[in-house]
Amino acid sequence: MNSPVLEIKHGAVAYDRPVLRDVNLTVRSGEVVAVLGANGSGKSTMIRAGLGLVPLAEGQVELFGVPLRRFRDWRRIGYVPQRLGAGGGVPATVGEVVSSGRLARRGFPGLLRAGDRQAVAKALAAVDLTDRVHDPVAALSGGQQQRTLIARALAGEPDLLVLDEPTAGVDAKSQEAFAQALRDFVRHGGTVLLVAHELGPLQPVITRAVVVHDGVIAHDGAVPHPAGHHAEPGHDHVHPHAPQDPPSIWGRQ
Amino acid sequence: MNVNLIEIMSLPFMQRALLGALITGLIAPSLGIYLVQRRMSLIGDGIGHIALTGVGVGLLTGTSPVLTAIIVSALGAVAVELIRERGRTSGDIALAILFYGGIAGGVFLVGLAPGKGSANLTSYLFGSLLTTSAMDLITIAILGACVLAVTVGLRPWLFAICQDEEYAKVSGLPVRTLNLLLAVMTAVTVTVAMRSVGLLLVSALMVVPVAAAQLVSRGFGGTMTLAMLGGVISAGVGILTSAGYDTAPGATIVLAAIALFVLVAAVGAVLRRRRRADTGPAAVCDPPECVLDS
Ligand SMILES: Nc1ncnc2c1ncn2[C@@H]1O[C@H](COP(=O)(O)OP(=O)(O)OP(=O)(O)O)[C@@H](O)[C@H]1O
Ligand SMILES: [Mg+2]
Numbered sequence: 001m002n003s004p005v006l007e008i009k010h011g012a013v014a015y016d017r018p019v020l021r022d023v024n025l026t027v028r029s030g031e032v033v034a035v036l037g038a039n040g041s042g043k044s045t046m047i048r049a050g051l052g053l054v055p056l057a058e059g060q061v062e063l064f065g066v067p068l069r070r071f072r073d074w075r076r077i078g079y080v081p082q083r084l085g086a087g088g089g090v091p092a093t094v095g096e097v098v099s100s101g102r103l104a105r106r107g108f109p110g111l112l113r114a115g116d117r118q119a120v121a122k123a124l125a126a127v128d129l130t131d132r133v134h135d136p137v138a139a140l141s142g143g144q145q146q147r148t149l150i151a152r153a154l155a156g157e158p159d160l161l162v163l164d165e166p167t168a169g170v171d172a173k174s175q176e177a178f179a180q181a182l183r184d185f186v187r188h189g190g191t192v193l194l195v196a197h198e199l200g201p202l203q204p205v206i207t208r209a210v211v212v213h214d215g216v217i218a219h220d221g222a223v224p225h226p227a228g229h230h231a232e233p234g235h236d237h238v239h240p241h242a243p244q245d246p247p248s249i250w251g252r253q
Numbered sequence: 001m002n003v004n005l006i007e008i009m010s011l012p013f014m015q016r017a018l019l020g021a022l023i024t025g026l027i028a029p030s031l032g033i034y035l036v037q038r039r040m041s042l043i044g045d046g047i048g049h050i051a052l053t054g055v056g057v058g059l060l061t062g063t064s065p066v067l068t069a070i071i072v073s074a075l076g077a078v079a080v081e082l083i084r085e086r087g088r089t090s091g092d093i094a095l096a097i098l099f100y101g102g103i104a105g106g107v108f109l110v111g112l113a114p115g116k117g118s119a120n121l122t123s124y125l126f127g128s129l130l131t132t133s134a135m136d137l138i139t140i141a142i143l144g145a146c147v148l149a150v151t152v153g154l155r156p157w158l159f160a161i162c163q164d165e166e167y168a169k170v171s172g173l174p175v176r177t178l179n180l181l182l183a184v185m186t187a188v189t190v191t192v193a194m195r196s197v198g199l200l201l202v203s204a205l206m207v208v209p210v211a212a213a214q215l216v217s218r219g220f221g222g223t224m225t226l227a228m229l230g231g232v233i234s235a236g237v238g239i240l241t242s243a244g245y246d247t248a249p250g251a252t253i254v255l256a257a258i259a260l261f262v263l264v265a266a267v268g269a270v271l272r273r274r275r276r277a278d279t280g281p282a283a284v285c286d287p288p289e290c291v292l293d294s
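If you read the sequences in order, they're chains R and E.
Each residue of the first sequence is one higher than the last, beginning at 1 in UniProt numbering.
Each residue of the second sequence is one higher than the last, beginning at 1 in UniProt numbering.
Derived from the structure by calculation, the hints contain no laboratory data.
Possibly wrong hints are sitting among the right ones.
Distance condition first, Cα-Cα at most 25 Å in a straight line; then the derived DSS-like pairs of lysine-lysine [said to hold, decoys possible]:
1) 169(E) x 9(R)
2) 173(R) x 122(R)
3) 122(R) x 169(E)
None of these values were measured; they are calculated from a predicted model.
With these hints in hand, go ahead and build the complete structure from the sequences.
And the structure:
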């Protein structure tokens, strides 16, 4: 039951300057771990390093007990990035984006099978976007886009969900729905690692909190204290999809 | 003029030209859509520049320019992909050097080739559909089939890597391999299109039909289907028009694609205005979400 699902040992990451110095994090099966910390403290960097998206300067990562380098069982992982990817040059429907969550489970790409369709439909229902399935994602609000990304991760029916600020810009009702979806996910044996600034309705679901500060995990244990309410006036919303990058032949940056 | 057109189109070389153009019209947007998705629409143009060096190498060494163009532009496309992967801003400059080096190198090498004048160069820069031989057509068909097998057959994977590369990595897709495959297919498409529209206009046929399609479609699959249809229509209309007026086929095809874009934009605008007038302002959010939470 309590086998480690994601483990970072003495992880260090540096971009231009060091961001993480010596991070030790173990997420065990069945846990719901919240990663807290100030903007720029390295929360995203830490979970991205845990998924192999950012190279570690030092230390090791193990997923489901397998060193990252040898890990192949990606279907067990669902990832919700902080932002939608750069590929917005051509419209894509909500259904198309969520369906790509099935790719880790399908071998060679062919037509979606009945099982794929069911999982996609279920994931869309969980985030209450069933009626928007044929709409282009660009036409959705920031919060709805965030829910689309959550549905994409859920559609893969993973064992571990890694979410980077899944509730940023998501309204209270959808946060409740998301908390319920997480509860169901954990009840069926899932494990969750999520970054958040305010836990809100997620609070009761969280089993452990870690705080990233100054390149290390400064706190690991109970949730420190209730964070401010999501809809607090003057609260600075981190909007995942706000301004588009200026177009260039690069696409990014 | 009509009878004249039928007469012209019954000539075998015109039929080969038409077929070659139709194949190009089909495959160029099917590849271009991924470049547009990544907001790298102009990359096709750059690969076209690099292909000219390949042509120069072919003419100089007496090998098939198509073969050398594929090899050199594939190398160039892989280099572009490696620069993109790094994501450095200075990559912009590296691309400029690569692209202009490509076209200058091509012109330079063609100049060195014995007895190959500027007329030859023009045929690669702006297309030379009318001289398509049966053998050329077979090459175009085979290369076109390879491109389609990748762009259509691997669509869910390519869609995923162009939509959200990091997510694709976490899905366990062979992202690097797919990116390189896409780069090589871009080079192949450029070389195929070199015949019909020429290296300087290649990018137009990759991008303009996609731009027209996304004016009316809501999803990626729909955009791809419509773009390929639009590419074929532009190629057909372009060839017939160029036969009727005796204009350069490549340029006429590109103008047909742009005309299609303008037409779709105009019709789309009219339809949208009418729809808005019919239904009034549409509800833009789920009703419960309109309630402010306390
Ligand atoms: N690709 C990158 N290149 C260079 N520096 C980066 C890059 N990504 C992040 N950083 C830097 O690393 C630090 C940590 O960034 P990270 O995105 O992990 O913060 P975070 O804790 O997730 O913040 P937020 O709460 O705003 O999401 C920041 O100082 C940021 O400037
Ligand atoms: Mg972050």
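Task: Pair hint outcome, residue 173(R) versus residue 122(R) [Cα-Cα no greater than 25 Å] - done: holds, 18 Å
Open item on the list: Check whether the Cα positions of residue 169(E) and residue 9(R) lie no farther apart than 25 Å.
Closed with: Measuring from Cα to Cα gives roughly 22 Å; hence the hint holds.
Open item on the list: For residue 122(R) and residue 169(E), compute the direct alpha-carbon distance and say whether it is at most 25 Å.
Closed with: Holds: residue 122(R) and residue 169(E) sit about 24 Å apart, inside 25 Å.
In summary, this structure violates none of the numbered hints.
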